[in-house]
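S.K.: Here are the chains, one letter per residue:
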Amino acid sequence: MTGNSPPAVRFSAVSRHFGDVKAVDNLTFDILDGEFFTMLGPSGSGKTTSLRLIAGFDQPTAGSIQLHGEEVAGRPPYERDVNTVFQDYALFPHMTVGENVGYGLMIKKVPKRERAQRVNQMLEMVRLPGLAQRKPSQLSGGQRQRVALARALINHPRVLLLDEPLGALDLKLRQQMQVELTAIQHQVGVTFVYVTHDQEEALTMSDRIAVFNRGQVEQIGTPAELYEHPATSFVAGFVGVSNLVGGEIARAITGSPETFTIRPEKIRMREPSTAVPEDMWSAEGAIRDVVYLGMNTRYLVELDGGGDLTVVQQNLDTTSMDVLAARGNRVRLLWHKSHARPIATGHLAPGGRPNHEIDPSASSDAG
Amino acid sequence: METTPALPTPALVQPAPARSLGQRLSTFLYLRPSLLLVLLLGPPLLWLGVIYLGSLFALLLQSFFHLDDFTGQVVRRFTLATYQDLLTRANFDIFLRTSGMAASVTLAAAALAFPLAYYMARYASSRGKAILYLAVLMPLWSSYIIRVYSWRLILAKEGILNWFVVQVHLDGVINWLLGLPGIGGPSLTVSAIGMFLVFVYVWLPYMILPIQAALERVPRSLLEASGDLGAHPGETFRHVILPLAFPGVVAGSIFTFSLTLGDFIVPTTLGNSSFFIGQAVLSHQGTSGNIPLAAAFTVVPMVIMGFYLIGARKLGAFDAL
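Residue numbers (our numbering), protein chains in the order written: chain C, 1 to 367; chain E, 1 to 321.
Any given hint could turn out to be false.
Claimed, not checked - Derived lysine to aspartate or glutamate pairs resembling DMTMM-like cross-links, with alpha carbons at most 25 Å apart: (1) 337(C) with 322(C); (2) 22(C) with 68(E); (3) 112(C) with 235(E); (4) 108(C) with 235(E); (5) 109(C) with 224(E); (6) 129(E) with 58(C); (7) 172(C) with 114(C); (8) 135(C) with 124(C); (9) 266(C) with 198(C); (10) 108(C) with 224(E); (11) 135(C) with 224(E); (12) 112(C) with 71(C); (13) 109(C) with 171(E); (14) 172(C) with 198(C); (15) 112(C) with 88(C); (16) 172(C) with 200(C); (17) 135(C) with 79(C); (18) 337(C) with 284(C); (19) 112(C) with 124(C); (20) 266(C) with 289(C); (21) 266(C) with 284(C); (22) 314(E) with 225(C); (23) 135(C) with 216(E); (24) 112(C) with 99(C); (25) 22(C) with 99(C); (26) 135(C) with 207(C); (27) 112(C) with 58(C); (28) 108(C) with 124(C); (29) 135(C) with 235(E); (30) 129(E) with 216(E); (31) 108(C) with 81(C); (32) 109(C) with 164(C); (33) 157(E) with 171(E).
Derived by calculation from the structure, the hints in this document are not laboratory data.
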């Protein structure tokens, strides 16, 4: 990530409109050489379209796309130094695993012996040695995923595009593959551009994340930046769970009607009589709902001033019996002033409630 | 707690809800899936096993009998004499002529059908696809004989095709084609070329539909993956589209090939005195009453098809099934 080399991918005012639908609208951003870049967003937010624009499966209706400083808009996929891991793997069913992985080399007319050697190396890297003679239909989902990865990496592309590659795998396998993917990325040093709607996956793997919404990028930053300093209410709601407080209720708490967000885990729940320290905000209310989650408990607290806040508390000393009995209890909520983030109100994440003046909360279960 | 009178258990007092005969029948069958299977598969298996395979067996049996030349009676005793009669030089010409026609009709139909099927599977809107389906299938709704006879009128010397060819001054080409030995003739209505045109026309739908179905099953992402890995459209076609569509081509060719092998209407309507297999069968069982020889003739296309399928399998036609 040196300052001199051109970015791996540069979007300059890129749009892709399908008639009236603005799948991608006037996007400008850079993906740095060698980074693990994730495009995160709900379905229909433009992240997959952006990926297809980089791959060349789709062409922009306006703007310029550069790969390593070279304009590629208008070029077909086979003239771009990028390779793709597809959501459905897109393995050729009539070829063996070895033929699939070696396809790119076969097209480049690499001699058979060298091809076989490199195919074996690739299969070893994705930990599938000895499976070259199998047909894709004889493999499990996780194995197909690895074959797709090996096939995409064998050409040594400078950018690897991954379109929700782990979407079809079960949770355990997904987590294992997340670790492996980051390891492989470090090993080969290729720029990874990863598309997902899973915010946890994005936070786990990425160097930087771009949060997409309605064909636009809401914010680009490291996972920590996005989580701790969400720029918009959409980002606050989509990356992790967040409470959004505004209007009269915000005024009752902070003295200003400016909207702010506060993460559920940053809120402490105490007896109503608890004194409020100087550096904290506080609100009083009654517990309306309790969801026991094993490690944590999620409380929905109805504030006296109207609206409600989601609070997550670790079950350090409490058991399920304790927390479920807490329903209806009056509590005082406390949080550090520095944890409440002022925020530009915009679109809400799906699942979030409309950001009305008197509706102070918007929590999203994007996780 | 206040005491309440003990409630009778519902099962004892309430009768089971009255159910219709249909519901009870459904439940009866639902609990006996094998019985349902027998009921469902029985009729088609009976049809296939007894009527279809049975008559085929009877046919095979006939071919091992022999016609007594003196009495004109069929001798119902096992003999290979009929097959000896079959394997003569003149009959070999018939086999070759018919197979050659079937092969060229199949190749031409595949070449014509593939682009249309590709367009239907990849590019046509759902409305456009419906219209194309209709256009492909509509000829099959009218009588095959009527269509063959209308081609006779189209191909006749005074017909519309010849008129058009003369208008654009290409009659020399037609005359040159008709002058070719083997496939030519006095006019298009009495030539192998005319037969070929009509065969391709009548069997084309049977080639389009299986190819279209096969192409429809190729996901777009496979083509994108091929391009993504550096393959130009031509290479993608050769390495991905064609192999995956090949089972469809073979399925279609089984129709066009076998239908041409057995047909006797087109050769009778548009051919000359050189027989096709279908005509030979017709004449042997009809005019000369030599049922055993007719049966033996019928075995020939079956044997040819057998070799054809083995060849197709060798080519990997069934690998992607």
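S.K.: State for each hint whether it applies.
M.R.: Here is how each hint holds up against the structure:
Between residue 337(C) and residue 322(C) the alpha-carbon distance is near 29 Å, which puts this suggested pair outside the 25 Å criterion. Taking the CA atoms of residue 22(C) and residue 68(E), the gap is near 84 Å; set against the 25 Å cutoff, the hint is violated. Among the hinted pairs, residue 112(C) with residue 235(E) is consistent with the structure: their alpha-carbon atoms are about 18 Å apart, no more than 25 Å. This hinted pair checks out: residue 108(C) and residue 235(E) have alpha carbons roughly 11 Å apart, not beyond 25 Å.
Of the pairs offered as hints, the one joining residue 109(C) and residue 224(E) holds, with about 20 Å between alpha carbons and a cut-off of 25 Å not exceeded. Between residue 129(E) and residue 58(C) the CA atoms are separated by roughly 24 Å; this keeps the pair inside 25 Å, and the hint holds. Using a Cα cut-off of 25 Å, the hinted pair residue 172(C) and residue 114(C) is violated, with the two alpha carbons roughly 36 Å apart. Note on residue 135(C) and residue 124(C): the hinted pairing holds, with a Cα-Cα distance of about 17 Å set against a maximum of 25 Å.
With a CA separation close to 22 Å, the supplied pair residue 266(C) and residue 198(C) stays within the 25 Å bound. Note on residue 108(C) and residue 224(E): the hinted pairing holds, with a Cα-Cα distance of about 17 Å set against a maximum of 25 Å. Straight-line distance between C-alpha atoms of residue 135(C) and residue 224(E) comes to about 20 Å, which keeps the hinted pair within the 25 Å bound. Straight-line distance between C-alpha atoms of residue 112(C) and residue 71(C) comes to about 34 Å, which puts the hinted pair past the 25 Å bound.
Between residue 109(C) and residue 171(E) the alpha-carbon distance is near 48 Å, which puts this suggested pair outside the 25 Å criterion. Our distance criterion of 25 Å between C-alpha atoms is met by residue 172(C) and residue 198(C), whose separation comes to about 15 Å. For the hint pairing residue 112(C) with residue 88(C), the CA-to-CA distance comes to about 28 Å; that exceeds 25 Å, so the pair is violated. With a C-alpha separation of about 14 Å, the suggested pairing of residue 172(C) with residue 200(C) holds against the 25 Å cut-off.
Between residue 135(C) and residue 79(C) the alpha-carbon distance is near 29 Å, which puts this suggested pair outside the 25 Å criterion. With a C-alpha separation of about 16 Å, the suggested pairing of residue 337(C) with residue 284(C) holds against the 25 Å cut-off. Straight-line distance between C-alpha atoms of residue 112(C) and residue 124(C) comes to about 18 Å, which keeps the hinted pair within the 25 Å bound. For the given pair, residue 266(C) sits about 18 Å from residue 289(C) by alpha-carbon distance, which is consistent with the 25 Å threshold.
Taking the CA atoms of residue 266(C) and residue 284(C), the gap is near 16 Å; set against the 25 Å cutoff, the hint holds. Taken as a hint, the residue 314(E) and residue 225(C) pair is broken in the structure, with Cα atoms around 60 Å apart against an allowance of 25 Å. Taking the CA atoms of residue 135(C) and residue 216(E), the gap is near 21 Å; set against the 25 Å cutoff, the hint holds. For the given pair, residue 112(C) sits about 11 Å from residue 99(C) by alpha-carbon distance, which is consistent with the 25 Å threshold.
About 39 Å separates the Cα atoms of residue 22(C) and residue 99(C), which puts this hinted pair outside 25 Å; it is violated. For the proposed pair residue 135(C) and residue 207(C), the alpha carbon gap of about 35 Å is over 25 Å, so the pair is violated. For a cut-off of 25 Å, the pair hint linking residue 112(C) to residue 58(C) is broken: about 33 Å separates their Cα positions. With a CA separation close to 22 Å, the supplied pair residue 108(C) and residue 124(C) stays within the 25 Å bound.
Pair hint residue 135(C) plus residue 235(E) holds up; C-alpha atoms about 21 Å apart against a cutoff of 25 Å. Distance hint between residue 129(E) and residue 216(E) is fulfilled; the C-alpha atoms sit about 12 Å from each other, no more than 25 Å. Restraint check for residue 108(C) and residue 81(C): satisfied, since their Cα atoms lie roughly 13 Å apart, inside the 25 Å limit. This hinted pair does not check out: residue 109(C) and residue 164(C) have alpha carbons roughly 30 Å apart, beyond 25 Å.
Simply put, residue 157(E) and residue 171(E) have alpha-carbon atoms about 11 Å apart, close enough for the 25 Å limit, and the pair holds.
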